[in-house]
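Next come the chains, spelled out residue by residue.
There are 2 protein chains.
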Amino acid sequence: MNTPKSKFSEWYNEITKEAELCDLRYNLKGFIVFMPWSVMSMKKMYAIYEKELEAHGHVPALFPALIPEGYFHKEAEHIEGFAPEVLWVTEAGKHKLEERYAMRPTSETAMYSMYSLWINGLKDLPVKIYQSCQVWRHETKATKPFIRSREFYWIEAHDAFATRKEAEAQVKEDMEMAEKVIHQQFAIPFLFFRRPQWDKFAGAVDTYAADTLMPDGKTIQQPSTHLLGQNFAKSFNVKYTDEKGESQYVWQTCYGPAISRIYASVISMHGDDKGLILPFELAPLQFVVVPILKGENKDKVITECEKIVKILLQENFTVKFDNSEATPGFKFNHWEMKGVPFRVELGERDIAEESVILVRRDTKEKIKVKTKELVAKINELKPEITKNLREKADVWFNSKLSHAGNMKELDTVLNKQGGFVKVAFCTDQMDGEKCADDIKNSCQANMRGSLYGNDELPLTNEKCVSCGKPATVYLYAARQY
Amino acid sequence: MNTPKSKFSEWYNEITKEAELCDLRYNLKGFIVFMPWSVMSMKKMYAIYEKELEAHGHVPALFPALIPEGYFHKEAEHIEGFAPEVLWVTEAGKHKLEERYAMRPTSETAMYSMYSLWINGLKDLPVKIYQSCQVWRHETKATKPFIRSREFYWIEAHDAFATRKEAEAQVKEDMEMAEKVIHQQFAIPFLFFRRPQWDKFAGAVDTYAADTLMPDGKTIQQPSTHLLGQNFAKSFNVKYTDEKGESQYVWQTCYGPAISRIYASVISMHGDDKGLILPFELAPLQFVVVPILKGENKDKVITECEKIVKILLQENFTVKFDNSEATPGFKFNHWEMKGVPFRVELGERDIAEESVILVRRDTKEKIKVKTKELVAKINELKPEITKNLREKADVWFNSKLSHAGNMKELDTVLNKQGGFVKVAFCTDQMDGEKCADDIKNSCQANMRGSLYGNDELPLTNEKCVSCGKPATVYLYAARQY
Numbered sequence: 001m002n003t004p005k006s007k008f009s010e011w012y013n014e015i016t017k018e019a020e021l022c023d024l025r026y027n028l029k030g031f032i033v034f035m036p037w038s039v040m041s042m043k044k045m046y047a048i049y050e051k052e053l054e055a056h057g058h059v060p061a062l063f064p065a066l067i068p069e070g071y072f073h074k075e076a077e078h079i080e081g082f083a084p085e086v087l088w089v090t091e092a093g094k095h096k097l098e099e100r101y102a103m104r105p106t107s108e109t110a111m112y113s114m115y116s117l118w119i120n121g122l123k124d125l126p127v128k129i130y131q132s133c134q135v136w137r138h139e140t141k142a143t144k145p146f147i148r149s150r151e152f153y154w155i156e157a158h159d160a161f162a163t164r165k166e167a168e169a170q171v172k173e174d175m176e177m178a179e180k181v182i183h184q185q186f187a188i189p190f191l192f193f194r195r196p197q198w199d200k201f202a203g204a205v206d207t208y209a210a211d212t213l214m215p216d217g218k219t220i221q222q223p224s225t226h227l228l229g230q231n232f233a234k235s236f237n238v239k240y241t242d243e244k245g246e247s248q249y250v251w252q253t254c255y256g257p258a259i260s261r262i263y264a265s266v267i268s269m270h271g272d273d274k275g276l277i278l279p280f281e282l283a284p285l286q287f288v289v290v291p292i293l294k295g296e297n298k299d300k301v302i303t304e305c306e307k308i309v310k311i312l313l314q315e316n317f318t319v320k321f322d323n324s325e326a327t328p329g330f331k332f333n334h335w336e337m338k339g340v341p342f343r344v345e346l347g348e349r350d351i352a353e354e355s356v357i358l359v360r361r362d363t364k365e366k367i368k369v370k371t372k373e374l375v376a377k378i379n380e381l382k383p384e385i386t387k388n389l390r391e392k393a394d395v396w397f398n399s400k401l402s403h404a405g406n407m408k409e410l411d412t413v414l415n416k417q418g419g420f421v422k423v424a425f426c427t428d429q430m431d432g433e434k435c436a437d438d439i440k441n442s443c444q445a446n447m448r449g450s451l452y453g454n455d456e457l458p459l460t461n462e463k464c465v466s467c468g469k470p471a472t473v474y475l476y477a478a479r480q481y
Numbered sequence: 001m002n003t004p005k006s007k008f009s010e011w012y013n014e015i016t017k018e019a020e021l022c023d024l025r026y027n028l029k030g031f032i033v034f035m036p037w038s039v040m041s042m043k044k045m046y047a048i049y050e051k052e053l054e055a056h057g058h059v060p061a062l063f064p065a066l067i068p069e070g071y072f073h074k075e076a077e078h079i080e081g082f083a084p085e086v087l088w089v090t091e092a093g094k095h096k097l098e099e100r101y102a103m104r105p106t107s108e109t110a111m112y113s114m115y116s117l118w119i120n121g122l123k124d125l126p127v128k129i130y131q132s133c134q135v136w137r138h139e140t141k142a143t144k145p146f147i148r149s150r151e152f153y154w155i156e157a158h159d160a161f162a163t164r165k166e167a168e169a170q171v172k173e174d175m176e177m178a179e180k181v182i183h184q185q186f187a188i189p190f191l192f193f194r195r196p197q198w199d200k201f202a203g204a205v206d207t208y209a210a211d212t213l214m215p216d217g218k219t220i221q222q223p224s225t226h227l228l229g230q231n232f233a234k235s236f237n238v239k240y241t242d243e244k245g246e247s248q249y250v251w252q253t254c255y256g257p258a259i260s261r262i263y264a265s266v267i268s269m270h271g272d273d274k275g276l277i278l279p280f281e282l283a284p285l286q287f288v289v290v291p292i293l294k295g296e297n298k299d300k301v302i303t304e305c306e307k308i309v310k311i312l313l314q315e316n317f318t319v320k321f322d323n324s325e326a327t328p329g330f331k332f333n334h335w336e337m338k339g340v341p342f343r344v345e346l347g348e349r350d351i352a353e354e355s356v357i358l359v360r361r362d363t364k365e366k367i368k369v370k371t372k373e374l375v376a377k378i379n380e381l382k383p384e385i386t387k388n389l390r391e392k393a394d395v396w397f398n399s400k401l402s403h404a405g406n407m408k409e410l411d412t413v414l415n416k417q418g419g420f421v422k423v424a425f426c427t428d429q430m431d432g433e434k435c436a437d438d439i440k441n442s443c444q445a446n447m448r449g450s451l452y453g454n455d456e457l458p459l460t461n462e463k464c465v466s467c468g469k470p471a472t473v474y475l476y477a478a479r480q481y
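Chains as they are written, first to last, in my numbering: chain A, 1 to 481; chain B, 1 to 481.
Derived from the structure by calculation, the hints contain no laboratory data. Hints are supplied without guarantee of correctness; some may be wrong.
Below, simulated DSBU-like cross-link-like pairs (lysine-lysine); rule was C-alpha separation at most 35 Å, straight line [claimed, not checked]: (1) B:144 x B:180; (2) B:5 x B:368; (3) B:141 x B:274; (4) B:294 x B:310; (5) A:128 x B:43; (6) B:5 x B:172; (7) B:392 x B:274; (8) A:96 x B:96; (9) A:372 x A:382; (10) B:392 x B:310; (11) A:320 x B:123; (12) B:366 x A:123; (13) A:382 x B:320; (14) B:366 x B:43; (15) A:44 x B:377; (16) A:310 x B:377; (17) B:180 x A:307; (18) A:382 x B:43; (19) A:320 x A:180; (20) B:94 x A:440; (21) A:307 x B:165; (22) A:17 x A:440; (23) A:434 x B:94; (24) A:128 x B:29; (25) A:29 x B:29; (26) A:44 x B:382; (27) A:387 x A:144; (28) A:320 x B:165.
Hey, can you work out the whole structure from these sequences and the hints?
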């Protein structure tokens, strides 16, 4: 197999097929079948993210997948941004519908129509609701499984507050949840950028997006959180009566972790030339037990393996006893490719020594463990795997952060190592879009935004790398998916 | 509030609104917004059902929500059955699509197109895959929230086997899972009927459906499992090579628990004139702690309540400390209406006695419990609630089973008490449909089918209640949702 760092695109195509993560042969362009091995991990990712959202006061709801065209048209910037990608339902049975229904590309217009009915007074605030669902966007760009497709799985959280201050605090909380879940638990490093004004979410005041990198140095967006201000509140008439009895528009935020895309990062960031490597908590199967059969006492080995399986199952781990006809070597390769975090090898000699061989997928380390100490050892190693993956990913990610003083340098460093390249830039307001277009044309790079919470200002005597006018901001450029 | 048994329809409309289970004001006929209180219970129901499916060897996958018209048309009976209700996507952005896409009303045609690629040999069998998703059916009948809507949430399991025998065993396993989950855990009694041939799933050989009753005596379908035989295998060319090297069509089954509809049964079967009653494991909130503040030592009571909350949270229960301004009586009513299984009341006198008052929602029983024995008492009572609800439901359900010797009797008993009425019938093969239509016209009742696993045959000297010809089968009639 290729390695993700040397030939990423080939590796990615190979692993998604070999490990049976998806099937691209469904006869609808841009739609994939999510196969069990990926779905089992994504379900765990959903559960972890939902738990975190609920710990921060969110509750789940389910809004219709279809949005009447009338709702959809209420926020002008929003419709302009999404209309080119909307799939429209126009017929039911043999009949043409009177109004078209949009398959939700995102649910602001579906949800805020209801928020205007639900929110009346301060007692109704804050509203913090999420839904786990799929959305549909008829992408014109090339699709790539999990990374970009016309149907993808995400969580969208939509919050409403009495004040701008609370909405801003929510944006910060959204970022902290991303750190806790995606970095700490999924072991994916990222940076939070405030997107330039020309690249924000359609209808938002400001967009903050977590960008990570793929092994080829190109960036891919993880969750984004948007300060919507009162834009949608005004379009959808979402108001509350304040203490003085006056009618006020709410302040809103929305947050969108795309689980299927974060999954793409997990498999790409951690994988190697043997295949998948997964954090223990995301693995569909956590243990494979492989009998090493040599002598005549095969039954004894099988029986001992079954004992080990039972011990592991009692701990609520997921376990496969691979007692098939294949050779141990074949089994090792197969389950390493599938990313099973631990392999337990057990032969006759091990029985005599009352021990097993425990093999870590991430480090390939082989550890001899006394059977009676097996569970304790596993509980000690479990968090070590995530920690190891995270530290390795962090080191690599940080090596991909650089800066450039001019366009030529920018192009050189992007060609050499990709990653995020800091450059001085005229402005991240709408006026800067022309310079961003120039950089896109000459370096195939996008301006991802300014670093959130940065203390890099004020700039002194710096010039915009594109137009040469005095710079007002540092922006980070990257080639993107 | 009305009671479900006396004025069901009024009660149902009232409780779905009052308890904030759904909102009907979304501007799309037949589509509802599933609000947090229902979604939190449905998520638990999904988790319980998925666990049971996985314990029986099923794995999850996610197939596209859209089905190309070409796939959809492959099985003739199937398309005939579903075409009148299909929502069609015909446009993307500003463009008309070359082929229409169906929003899945069910996923046989999406999934079996892939199964034909995935299944080649015996090593690929059995396939046991489920997906948790929503489906869309543009119903022409009147809609009612959770009971019948144009978008509903279900699980669909689609299995393929080498032999008919295995497929038949799967149908039986599907029924056993329904018993274990819906009857044992959700406390909903039902009967499994083999549907008459004219009322089976479009494309199936046989349909077995679990029917329960609503408090007004009308029946509502719970999960159904279908023996598909080789019908779809032939249409979709799903084959494997057997031991002799010969190509064989697989035998298939599919299974569909509609979670949103089962939820309708849960709230209707167990509710009373105070509102919802929920099994402990399905309740969004399991405990509400209410301080009884009378004397001057309010702080002391609050502090003690907080201690109780902490104890309950440590057990991973969901707990609300209702420390709002409202009176205890108001709080009692509110949380009873919401179906919270346990209320903990705590006043100054209780502190002195180192005890609390624990109130069960299902029996209204008030139990004085020593604080240090609280957790043990709860763990003792938890399963008692489900058991009590189940036994009560069983008694009532069984009182609704009856028989009738002729049409007049049938109509009388249906008017009097509803439920399932056993009648002798000419045949459950296609020829019987005319008699079924007659009964529908004269008694507004549907023939739900013959009891699965019944030993009621052979009939002697019985005549069909409709045509008077010799009867070959007992069928059960009921008015239905």
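Sort out which numbered hints this structure fails and list those numbers smallest first. The structure conflicts with no hint, since it agrees with every one listed earlier.
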